[in-house]
Amino acid sequence: MPACRHPFMTPHRPSLSRAAVTVAAFALYTLVSSTAWAVPVIQHWQTANGVRVLFVETHELPMVDIQVVFDAGSARDGGMPGVANLTSDLLNEGAGDLSADQIADRFEGAGAQFSANTDRDTTTVSLRSLSDAKLLKTAVDTLTQVLQSPSFPKNAFERERKRMLVDLQQEQESPGDIANNKFYAVLYGKHPYAGDPLGTPDSLKALNRDDVASFHHHYYVADNAFVIIVGDLDKSAAQKLADAMMAKLPKGQHAAPLPQAPSLDKSETVMVPHPSTQTHVLSGQVGITRKDPEFFALYVGNHVLGGNGLVSRLAEEIREKRGLSYSTYSYFLPLAAKGPFIIGLQTRNTEVKQAIDVMNKTLTKYVAEGPTAEELKEAKQNITGGFPLRIDSNRKIADYLAFIGFYDLPLDYLNTFNDHVEQVTAADIRSAFKQHVHPDKRLTVVVGGGADAAGK
Amino acid sequence: MTHALPRILGAVCLSLSLMSATVAQAAAATHEYKLKNGMKVIVKEDHRAPVVVSQVWYKVGSSYENDGITGISHMLEHMMFKGTKKHPAGEFSRIIAANGGQENAFTGRDYTAYFQSLEKSRLKISFELEADRMHNLLLPDAEFKKERQVVAEERRLRTEDNPQALTSEQFHAAAFTTGPYHHPVIGWMDDIAHYTDADVRAWYRKWYAPNNATLVVVGDVDPQHVLALAKKYFGPVKPHAIPTLKPRHDIAQTGPREITVKAPAELPYLVMGYKVPVLRTAKQQWEPYALDVLSGILDGGDSARLTRNLIRGSQVAASASAGYDIYERYNSLLELDGTPAPGHTIKELRQALEKQVRQLRDAPVTAQELERVKAQVVASKVYQQDSVFYQAMQIGMLETVGLDWHLADEYVDRIRAITPEQVQKVAQKYLTGDHLTVAVLRPQPMDSRQPPHQD
Chain B
1 MPACRHPFMT
11 PHRPSLSRAA
21 VTVAAFALYT
31 LVSSTAWAVP
41 VIQHWQTANG
51 VRVLFVETHE
61 LPMVDIQVVF
71 DAGSARDGGM
81 PGVANLTSDL
91 LNEGAGDLSA
101 DQIADRFEGA
111 GAQFSANTDR
121 DTTTVSLRSL
131 SDAKLLKTAV
141 DTLTQVLQSP
151 SFPKNAFERE
161 RKRMLVDLQQ
171 EQESPGDIAN
181 NKFYAVLYGK
191 HPYAGDPLGT
201 PDSLKALNRD
211 DVASFHHHYY
221 VADNAFVIIV
231 GDLDKSAAQK
241 LADAMMAKLP
251 KGQHAAPLPQ
261 APSLDKSETV
271 MVPHPSTQTH
281 VLSGQVGITR
291 KDPEFFALYV
301 GNHVLGGNGL
311 VSRLAEEIRE
321 KRGLSYSTYS
331 YFLPLAAKGP
341 FIIGLQTRNT
351 EVKQAIDVMN
361 KTLTKYVAEG
371 PTAEELKEAK
381 QNITGGFPLR
391 IDSNRKIADY
401 LAFIGFYDLP
411 LDYLNTFNDH
421 VEQVTAADIR
431 SAFKQHVHPD
441 KRLTVVVGGG
451 ADAAGK
Chain R
457 MTHALPRILG
467 AVCLSLSLMS
477 ATVAQAAAAT
487 HEYKLKNGMK
497 VIVKEDHRAP
507 VVVSQVWYKV
517 GSSYENDGIT
527 GISHMLEHMM
537 FKGTKKHPAG
547 EFSRIIAANG
557 GQENAFTGRD
567 YTAYFQSLEK
577 SRLKISFELE
587 ADRMHNLLLP
597 DAEFKKERQV
607 VAEERRLRTE
617 DNPQALTSEQ
627 FHAAAFTTGP
637 YHHPVIGWMD
647 DIAHYTDADV
657 RAWYRKWYAP
667 NNATLVVVGD
677 VDPQHVLALA
687 KKYFGPVKPH
697 AIPTLKPRHD
707 IAQTGPREIT
717 VKAPAELPYL
727 VMGYKVPVLR
737 TAKQQWEPYA
747 LDVLSGILDG
757 GDSARLTRNL
767 IRGSQVAASA
777 SAGYDIYERY
787 NSLLELDGTP
797 APGHTIKELR
807 QALEKQVRQL
817 RDAPVTAQEL
827 ERVKAQVVAS
837 KVYQQDSVFY
847 QAMQIGMLET
857 VGLDWHLADE
867 YVDRIRAITP
877 EQVQKVAQKY
887 LTGDHLTVAV
897 LRPQPMDSRQ
907 PPHQD
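Going down the list, the sequences are from chains B and R.
Everything in the first sequence is counted per my numbering, starting at 1 for the first residue and increasing by one.
Everything in the second sequence is counted per my numbering, starting at 457 for the first residue and increasing by one.
Careful, some of the hints might be misleading.
Claimed, not checked - The calculated lysine to aspartate or glutamate pairs, modelled on EDC-like cross-linking and capped at a C-alpha distance of 20 Å, are:
no. : chain 1 : residue 1 : chain 2 : residue 2
1   : B       : LYS396    : R       : ASP676
2   : R       : LYS602    : B       : ASP357
3   : R       : LYS688    : R       : ASP588
4   : R       : LYS601    : B       : GLU351
5   : R       : LYS837    : R       : ASP860
Everything labelled a hint here was simulated from the structure, so no lab data went into it.
Construct the complete structure from the given sequences, taking the supplied hints into account.
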């Protein structure tokens, strides 16, 4: 219910529900930097059956965070959009001889919090528990069953599929969701990132229970998984815990590398009429992978363009100078395969032309000229000076480990991040933007126009 | 079943449920001071990481507003970034950003708060800026006119184009009639469009003063050092008399209320609320805690009754949730909301929710359910300490709604003391038809060429 000065919302995160309004997700793209202060020591090893484990020991609070990450995002849906998401959704609907009620009773009776989420690249199964030995054991034993032997009951499958269809319907109420889905669909075409992780009505209706079981069998395997543990236990306890969780996962194989999406060869605008009082605009193109050598130049450069809240050129031009939008931003979402570069804004229907015009001019000018010396200095100060905030809780540390693990980044990533940021020059940014951002080869999706537009 | 449709209060900036993440502890490490100008300073040590969060809470929010200027507290919150003589418009955010900080502000019914998260050595930067804008705000007219448009865009984004939020807003306007919870925090659009800079200036002069503010600092700090900095920066700000609020209690509800909202939408939506007391208004202090437990029995996760019985069991609901906040200034609502599953109607969903309520009146909750809620509360007390921001938020909120922040320390024990009989008693006393307000969203075509749906 509180209203606030600038959005904590993350319009850029592919989310399973419109309710995904979290502070944590906000940090994901203003990721990491470093410091002289002690960065958490990351311990790592492999379980007996070869699953990689990243572990940080913290004893300040009597709690443990566990994440099991699979290369099983919606990019792995194959010809069955929505199957990855439905699979993770059904994990706690029955496992071994436990019913959904019993699973929920075990987790929650122990005060533990369980969740499973699917985005384009990954499925992440998370558990937060007290470190009290008895409670932790109950929670982890239950998690182990849920991971290894979900039973995917027919009744639950039918019900959850119906609920996903309702979620899809709900997305159709939201101009922001429509814009996001349309943007990915058009930009990525036949690439696995094109689809809404929720699937489509047709694909969901065509799925059956065996498709889900088969997806689980194929992707929830040791060679396609890694484990994150952060919290109040020592290494030998963490080793035992990881071994037990992973022991019965079949070896399987790691999912094949994703293909790269082709870039657009010219600009394109897609208009979607919607009865909303605002028009949502998303504009961008295919961007970079996590491993792109220009990552730091683009990250720091984007901070100046639209990545630093209200202290960025887009916010200055569109919101502060002209009062056109509550939220405007830009970001690179560097995924396993090339993820998108996106600029977003929303404005009242009458001002769309002006807002798009300002957005285009701001982008073109920035690509041509790059940041000023002052802007670059302040962006670096923001990123490096705020480093301790990025890893000041177990939750944030666990999220970083998952990010380092999935994108196979070096374990000293956190330790060296600030150095990488400091090394970026204005010339690097200009060069990287010219190479990767092409204002004349951009997709722009425009959703809105009001009741009259929606009737045309 | 880990995804969910938006809850009643979906579009918030801080989704901090006080039920799911209970209250602070470590009272020994929390220090309270009062400056000579009346400003309260509360410092809680948390030495896990070299960071600090600083929050300034003002006792003003939408429930302090009268008709015609609804949302003015929130408008002023936006204007607080629009400059003083010393730091012109935009500079506040730029300075915090250049110091590696994160900052924002938020307005609720009963509070307006500003915060910065920083590496610990930079706390004084936040104090200098906050103290300056506490009494030197310029409120330039050109900035005001632009920002009013930004606030209107915010309202479009959060409410106008979100049929469930729109329904929820009209639901609250029906449930609360004469009291100030009648209007939304962000204000009615017509009021936003007609704010004047004089309105904002008057609001600022009336409510912004050190003797109407609480400074909360949590992090890797030395309390004496924080106090010294607070004296240096906030100490010189002059206090002034703060107006006494009129009581403005909502008239007693004497019968059921029902409204229908028609809006372009794909899905129907139901929201129901029963008038209930909160910690600040309850004559029996255990009652709000019993209501909080009751809310957890209904909706404390996948094992709770709504998910177990309505989503998994009868499958009448695609989504269903319950919520209650014990930390408000006025009597509030225990809310239930949901969307029917395909093939089911709003009427069936309502009957199913009312059946859940009836069962709470008719029979005590089981020992196992109560133990589950208590286990969650105990665990949440630990989990919430993983966030310095949350710890500060709890102290600031309690203090600002007129409760003692020490109440947070009692929370777990109070919840633990609740019996099945007490849960049943509050259900019988408050969850009755005469205290009920119901709103239904009836979807209208998204495409204006389509004929309207039959009602």
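Cross-check of the supplied hints:
1. Note on LYS396 of chain B and ASP676 of chain R: the hinted pairing holds, with a Cα-Cα distance of about 17 Å set against a maximum of 20 Å.
2. Between LYS602 of chain R and ASP357 of chain B the CA atoms are separated by roughly 18 Å; this keeps the pair inside 20 Å, and the hint holds.
3. Between the alpha carbons of LYS688 of chain R and ASP588 of chain R the distance comes to roughly 12 Å, so the proposed pair stays at or under 20 Å and holds.
4. Restraint check for LYS601 of chain R and GLU351 of chain B: satisfied, since their Cα atoms lie roughly 16 Å apart, inside the 20 Å limit.
5. A hinted pair counts as satisfied when its Cα atoms are at most 20 Å apart, and LYS837 of chain R with ASP860 of chain R qualifies at roughly 18 Å.
Every hint, counting from the list given before, is met by this structure.
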